[in-house]
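**Student:** Residue numbers (the working numbering), protein chains in the order written: chain H, 1 to 415; chain C, 1001 to 1258.
Keep in mind that the hints were calculated from the coordinates and are not lab data.
Every residue gets a Cβ at the ideal spot worked out from N, C-alpha and C, and that includes glycine.
Hints should not be assumed to be uniformly reliable.
What the hints assert, rightly or not - Which bits of chain C does chain H cover? Going by a derived footprint, with three or more residues having C-beta under 8 Å, they are: (1) 1074–1080; (2) 1101–1111.
Stated by the list, open to error - Some, not all, of what chain C presents toward chain H, calculated at C-beta under 10 Å: (3) A1098; (4) R1157; (5) V1160.
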Amino acid sequence: MHELVTLRIAARALRKNKMRAALTILGVVIGIAAVTTMVSVGQSANGLVQGQFQALGTNVIVIFSGSRHGGAVHQGRGSSPTLTAGDSDAMPVDCPSVLAASPIVGAGGQVIYGNTNWPPREMVGVGTDYLTVRNWQLRHGGFFTERDITAAAKVCVIGHTIVEKLFQTTNPLGETIRINNIPFRIIGILETKGANLVGEDQDNIVMAPYTTVRKRLRGSMFNSVDVILASARSSHRMTDAESEIRQLLYERHHIPPGEPADFEVKNTTEIAKVLGIVTGTMTLLLASIAGISLVVGGVGIMNIMLVSVTERTREIGIRLAVGARGSDILWQFLIESVLLSSVGGLIGVALGISGSVGITAIINALMKGAQWPVVVSFWAAAVAMLFAGAVGVFFGFYPALRASRLDPIDALRYE
Amino acid sequence: MALIELTDVRKVYMLDEVEVHALRGVSVTIERGEYVALMGPSGSGKSTLMNTLGCLDRPTDGSYLLDGEEVTSMSRDARARLRNRQIGFVFQNFNLLARTSALENVELPLLYSPRVSSRQRRQRAIDVLRKVGLGDRMDHHPGQLSGGQQQRVAIARALVNSPSILMADEPTGNLDSRTSKEVIQILRELNGQSGITIILVTHDQDIGRNAKRTLVLKDGWIVEDTTDFSRAVGALHSHEDAPVPAPHDAVGAVYRSR
Ligand SMILES: Nc1ncnc2c1ncn2[C@@H]1O[C@H](COP(=O)(O)OP(=O)(O)OP(=O)(O)O)[C@@H](O)[C@H]1O
Ligand SMILES: [Mg+2]
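Okay, chain H solo, but in the shape it has when bound (with noise of 0.2 Å):
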C-alpha cells in the first residue's frame, strides 16, 4: 500500500479521537519536554562552571592548603591551612615557569563612605603581583607595595562599582572608607571588567594587602593563607609550572618523597573539567529520571493502541475483507501509534526549548545579575525526537501485530 496513504489514514483516525489522542501523548509530551529541559539546563550550568573558571585565566594555577588522600585521616581541601606568603614569594623566585604568585585571604563585610553602606561582592587580602597574577591593569592611582604588606597597612584598592556606588562627585584616590569600622585610604581603582559569565559584577571589589585582611579584618594571629594563585610564564607552560611548584613545595614542607602532599595544585582547565564531570552526572541523572515518565508515556501509548485495536476490530475486518494484507493493517497501526509519539515529541521539544529558556530566565532573575547561558539542547532535541518516535515503534508494535494476526471473519463478526 502507498505509504503517503497510510499515513493519511493514521491521521485522519488520529483526528477523529482528537480528546483521546492528546490525553495519550500527554505522557509522551512530559517526558520529551523534560528530557529536553533538563540536559539543556544542565549543559546551561556546566556551561556556566566552565566559564567561571576559564575567567580566572587560562593560565592560572590554584594552590590549596591540605590534601584530599592525607594520612589516615581523610582531611577536605584546605581543612589545615599549610600554606604560607613564603611559598607564595619562592615561587616566581625558584620556579622558572611561573611568572607571578600571589596569597590569597578571604573577608567579608560592609564598606562605609560618609552615611553610605555598601556590601561588596568580593573582598579580598592579596600580596603585591596579585594584578600580574590575574591579568588585570590599574586605572587610576597605584597598587600595594612591600612596605604595605610588611605594616599590614590600612590601603585599599577598589573596583568601579564602589566608585559608582559610594562617590558620585568626589575623587576617591585619597579618601578613606570604612571596612568593618576599619578606616582604609584608597590608592587605587581597578580598570572596569563588567560582569563574568555568572553575572556576578567583577567591578565590585575590594582589595588589601592580605597581610591587612588576615590580621585586621579576620583578627588571626596565624600565618598561613587560604589559597595562593599562581600564574604560569604561558599557557604551555602550565605542566612545567605546576611539576614545579610541586616540587618547591615538597622541599619547603619537609615532605619526604613518597609521602602525601599536604597542598594540592591544580590548574583552572582541570578545575574546570572535574566540575564538567559533577554537572555532566548530574545531567545524566536528571535525564534519566525525565527519560522514566517517557517510558510510562510509552506505555500509555500501547495501552490506548490496544483499545484502539479492540474497538476497531470491524474496521480492520472490513479492510481485510476488501484485501488488505496483514502487513498493511500493521503499518497501519505502527504508523499511527509512531505518528502519535512523534507528535508528543514535537510538543514536548517545543515545550522543553520554552521550559529551558524560562527556567534559565527564572534563575537569571532570581539570582540578581546572573547571566546564565541559555543552551537549547538540539542534540538533546534530536535525540528526544527520535527516542519519540522509538517510543512509538516499540509499544505501537505489540498492539499492531495483534490488529494484523486478526482473522477476517473473526474480525467482522466482532460487536
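On the provided structure of chain H, position chain C with the ligands as indicated by the hints.
**Tutor:** Below, chain C with the ligands without anything else, positioned relative to chain H:
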C-alpha cells in the same frame, strides 16, 4: 475452465470440544457470468460457504479452484490479493467504515491495490457511485444514508476494483421490500450488462427467483442445484431430513437427493 470449482469442501468448527459441521462435503461448479442464488434454512451453512467462496475463510478440508488456482493452500497475503482483485463482497449489515464518506468507503479497496494513483482512485470511485445512483451522496457518511443507500455504497465498493465475482450474503436482509427491489435491480443489471458473476444468499424467494440458478443448502449439504426455481422451492419446503451418507460420498449424496 470453470470460474469456481469446489470439491468436497468441509468446514468443521470446534465449539468447546464439540464439532460443529457447517459444511459436510460441498461440491459445486460455477461458470463465468452465472447468477446463482444460495438458499436454505438458517444454520444450513450458507454464510460459511459464501465466506469460503469469498476467500475470507479457509475450509477444513476439500479443494477450491478459483480461476484454476487452488485457494485452500494459498498464503494469507495471496488470498488478500484475491479478495482485492477478483471478488467483491456485500454483507447483510453493509460493513461500511463509520464516519467516513461514501466516496472514501468506495475508494477503500483501491488503497490496497498498487499502481492506482489517487486521481484514478477518486475517478473510479465516483464512476461506480454514479452507476449505483449515488452521484449526489458521495460526501455523506453512512450514518447520513438510508439502509438502501448504504447497501448501494457497499455494492459500489465491491465493484470498484472490477472484480469477476460479486458475492452478496443476504444483501437485502436489513432492507424493506421496496429498497430490496432497487438493490436486486442493480445486481440484475450488473449480471446482465456487465456479465459479472453473482452469487447471492437470500431467504426471500422473491429475490431468489431473480437468479438463473439456485443452490439449496440443508445442514451443510447441497440438496438441490437447479435452474428451475420451483424445484428449489420444493426442496426448501420438503421436511424430510437431508440424507446423511458416508462422509466421503458427498457427490453421490447430492445426486441421490435429486
Ligand atoms: N465461528 C463459528 N464457530 C462455531 N460454529 C459456527 C461458527 N460459524 C458458524 N457456525 C455454525 O455453523 C453452522 C452454519 O452457520 P452459517 O452461519 O453458515 O449458517 P447460515 O446458513 O448462514 O445461517 P443464517 O441463514 O442464519 O445466516 C451453524 O450451525 C453455526 O452455528
Ligand atoms: Mg448467514
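**Student:** Would you mind marking each hint as holding or not holding in the structure?
**Tutor:** We went through each hint and held it up to the structure:
1. 1074–1080: holds (count 3)
2. 1101–1111: holds (count 3)
3. A1098: At 8 Å from the nearest chain H Cβ, A1098(C) passes the 10 Å test, so the hint holds.
4. R1157: R1157(C) check passes; min Cβ-Cβ to chain H is 7 Å, inside 10 Å.
5. V1160: holds (9 Å)
In this structure, every one of the numbered hints holds.
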